[in-house]
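Put together the whole structure using the sequences plus the hints.
2 protein chains.
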Amino acid sequence: MKREGVLYIISAPSGAGKTTLCKEIIDIFPHLRHSVSYTTRQPRAGEVHGKDYYFISMDDFRSMVDKGEFAEWAEVHGNCYGTSIRTLEECRITGIDLILDIDIQGARQLKERYEGGVYIFILPPSYEELRRRLNGRSSDSDDVISRRIDAAAGEIRESRWYDYIIVNDQFSRAVEELKSVVVAERCRTFRVLEAVTERFDMG
Amino acid sequence: MKREGVLYIISAPSGAGKTTLCKEIIDIFPHLRHSVSYTTRQPRAGEVHGKDYYFISMDDFRSMVDKGEFAEWAEVHGNCYGTSIRTLEECRITGIDLILDIDIQGARQLKERYEGGVYIFILPPSYEELRRRLNGRSSDSDDVISRRIDAAAGEIRESRWYDYIIVNDQFSRAVEELKSVVVAERCRTFRVLEAVTERFDMG
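Those sequence lines, one after another, are chains A and B. The first sequence runs 1 to 203 under our numbering. The second sequence runs 1 to 203 under our numbering.
Worth flagging that the hints you see were computed from the coordinates, not collected in a lab. There is no bait here: all hints are sound.
Reference listing, derived: stretches of chain B covered by chain A, where coverage requires no fewer than 3 residues with Cβ under 8 Å from a Cβ of chain A:
#1 117–127
#2 148–160
#3 164–173
Cross-link-like lysine to any residue pairs, in silico, SDA-like; alpha carbons within 25 Å at most:
#4 K23/A to G95/A
#5 K2/A to G154/B
#6 K2/B to F171/A
#7 K2/A to V175/B
#8 K2/B to A153/A
#9 K179/B to R3/A
#10 K111/B to L193/A
#11 K2/B to P125/A
#12 K111/A to D163/B
#13 K2/B to W161/A
#14 K179/B to L32/A
#15 K2/A to A153/B
#16 K2/A to W161/B
#17 K179/A to F171/B
#18 K2/A to S172/B
#19 K111/B to D163/A
#20 K111/A to T197/B
#21 K179/A to H31/B
#22 K179/A to F190/A
#23 K111/B to T197/A
#24 K179/A to E194/B
#25 K2/A to K179/B
What you are looking at is a predicted structure, and each value in this text was computed from that prediction instead of being measured. Cβ atoms here follow ideal geometry from the backbone N, Cα and C, with glycine treated the same way.
Below is the structure:
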């Protein structure tokens with residue numbers, strides 16, 4: 001049935017497995033896209049402008065902020081990240097669902113401004129497992145890891161205002177749960193009622 | 001994670017395919033049971049007391065109503081059907097999820113009395129398809145079918161206050177959607193927050 005696109009807003013502490021989960025889910029659903037954010041950080045190896053992010057200068061980012069073009073934006077570890085209002089409008093009009101892989105500050109701004117978004121928090125199984133996973137990433141120093149664990153405790157407390165909590169204990173189960181949230185939310189009455197009313201002449 | 005059982009309340013107009021969908025879903029999930037209702041109607045061939053229904057006399061049914069033992073009850077085509085409060089309490093305490101396959105009157109009573117239930121409405125693809133399906137049931141006369149189609153129009157209007165609407169167009173898709181609602185609802189923050197708080201020492 002025809003309906004507006006759904007915004008799935010996904011946050012997690014670093015090391016919870018959010019990026020991998022999001023990729024998996026986008027591969028499964030043809031009508032689900034990764035929302036491309038703007039960022040001032042440098043591209044990492046393999047990242048493509050316009051696909052992973054729109055990589056822009058701090059001046060351009062500030063100018064977009066000043067013109068009110070962002071639905072949400074946040075500074076994380078000294079870099080700015082933002083989602084443009086235009087991206088969300090396109091989703092609404094075209095009926096294409098979007099995954100917004102954004103941090104808690106950004107999610108909170110969206111929650112205040114937009115109705116109908118679906119807020120999902122991904123949790124690691126435990127602090128111990130989180131430390132193990134972060135240690136496994138050769139890229140991070142012990143200092144960075146300790147800072148991330150401390151940050152995680154604060155972030156996890158924010159999970160209480162999300163709509164769904166998914167514990168990434170077994171990856172396949174977490175995928176199944178995230179997939180289920182995507183499908184179930186498309187069946188929410190307030191999203192399909194207009195189409196149903198038309199089809200069954202309930203006016 | 002430990003949590004209370006979830007009540008999935010499913011209604012549909014006759015011929016939407018609700019019974020088959022419910023059976024399919026119960027086969028899939030080990031922790032999901034069909035709630036056994038009380039009824040005053042006669043058992044049909046193959047129906048088992050205590051499994052399909054508790055078949056009781058009108059006197060016994062009235063006595064249970066008088067003692068306030070029903071969470072919901074309704075009269076449908078001259079027979080009474082009801083769900084006991086005890087059944088719902090057991091679900092809450094044991095963490096076993098229940099499918100309540102009940103009519104709209106009963107669902108409305110539950111909605112007024114219980115928080116946290118999940119209300120799902122199953123729709124046929126169209127009135128034409130509904131008529132075709134009801135015609136295919138050799139058991140029903142033309143009169144009964146016409147009455148059911150008329151009733152369906154009124155029932156479908158009630159779908160607006162349910163949480164989810166599933167259109168049973170393609171059976172496999174409807175199963176997938178119902179399955180997704182079951183899994184997604186188990187991840188709702190308000191159902192898992194207590195367990196998460198304990199695990200991550202968020203107190």
